[in-house]
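Protein chains: 2
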Amino acid sequence: MEIKSKIGNRIKELREVKQMSQKDLAYASDLDRSYIASVENGQRNISIVNIEKIAVALGVSLKEFFGNDKFDNDSTSS
Amino acid sequence: MEIKSKIGNRIKELREVKQMSQKDLAYASDLDRSYIASVENGQRNISIVNIEKIAVALGVSLKEFFGNDKFDNDSTSS
Numbered sequence: 001m002e003i004k005s006k007i008g009n010r011i012k013e014l015r016e017v018k019q020m021s022q023k024d025l026a027y028a029s030d031l032d033r034s035y036i037a038s039v040e041n042g043q044r045n046i047s048i049v050n051i052e053k054i055a056v057a058l059g060v061s062l063k064e065f066f067g068n069d070k071f072d073n074d075s076t077s078s
Numbered sequence: 001m002e003i004k005s006k007i008g009n010r011i012k013e014l015r016e017v018k019q020m021s022q023k024d025l026a027y028a029s030d031l032d033r034s035y036i037a038s039v040e041n042g043q044r045n046i047s048i049v050n051i052e053k054i055a056v057a058l059g060v061s062l063k064e065f066f067g068n069d070k071f072d073n074d075s076t077s078s
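Protein chains in written order, with UniProt numbering: chain A, 1 to 78; chain B, 1 to 78.
Derived from the structure by calculation, the hints contain no laboratory data. Hints may contain errors.
To be verified - So, partial list: chain B residues that the calculated Cβ filter (under 10 Å) puts toward chain A:
(1) Glu2
(2) Ile3
(3) Arg44
(4) Asn45
(5) Asn50
(6) Lys63
(7) Phe65
(8) Gly67
(9) Asn68
(10) Asp69
(11) Asp72
Remember, it's a predicted structure, so these values are computed and weren't measured experimentally. The C-beta atom is built at its ideal place from N, Cα and C for all residues, glycine as well.
With the hints as constraints, model all of the structure from the sequences given.
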């Protein structure tokens with residue numbers, strides 16, 4: 001799976017665990033709701049600053065955000 | 001510390017462990033050497049696709065790349 005989709009899936013997963021809507025996450029991260037939607041759909045080559053904004057809004061560190069099996073064997077992923 | 005600097009420091013740290021020069025890393029990640037230098041200097045809001053390219057070139061997964069204390073308490077970092 002492409003990295004942009006992995007990131008989108010991880011954000012959606014964490015957002016749903018926190019029972020936040022995209023609108024809530026957009027507000028908390030000071031980003032546009034449409035941007036959040038496109039990131040979750042794997043359509044954005046998101047920057048590290050925006051990943052951090054979203055992680056902070058979700059209440060997780062980047063270590064926790066990426067500490068997931070989705071990001072395990074990137075060095076061998078196609 | 002700002003996230004761009006944390007990323008730069010982590011790349012430099014891993015690169016030196018692998019005894020790679022910036023030129024080696026640039027070649028292996030198919031990125032410009034000057035880009036690698038500016039990322040390591042914390043001057044770039046690097047995208048996730050480029051972080052993955054660099055991680056693959058360094059032989060680590062994104063989970064390993066971010067599995068470092070630098071990225072621990074982002075949710076509380078200023």
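Tested hints:
1. Glu2: holds (9 Å)
2. Ile3: holds (5 Å)
3. Arg44: holds (9 Å)
4. Asn45: holds (5 Å)
5. Asn50: With a closest approach of 8 Å, the Asn50 of chain B hint holds.
6. Lys63: holds (4 Å)
7. Phe65: Nearest chain A Cβ about 7 Å off; hint holds.
8. Gly67: Result: holds, 6 Å to nearest chain A Cβ.
9. Asn68: holds (7 Å)
10. Asp69: Since the shortest Cβ distance to chain A is 8 Å, the answer is holds.
11. Asp72: It holds, given that the least Cβ distance between Asp72 of chain B and chain A is near 5 Å, below 10 Å.
Violation of the numbered hints given earlier is absent; every hint is satisfied by the structure.
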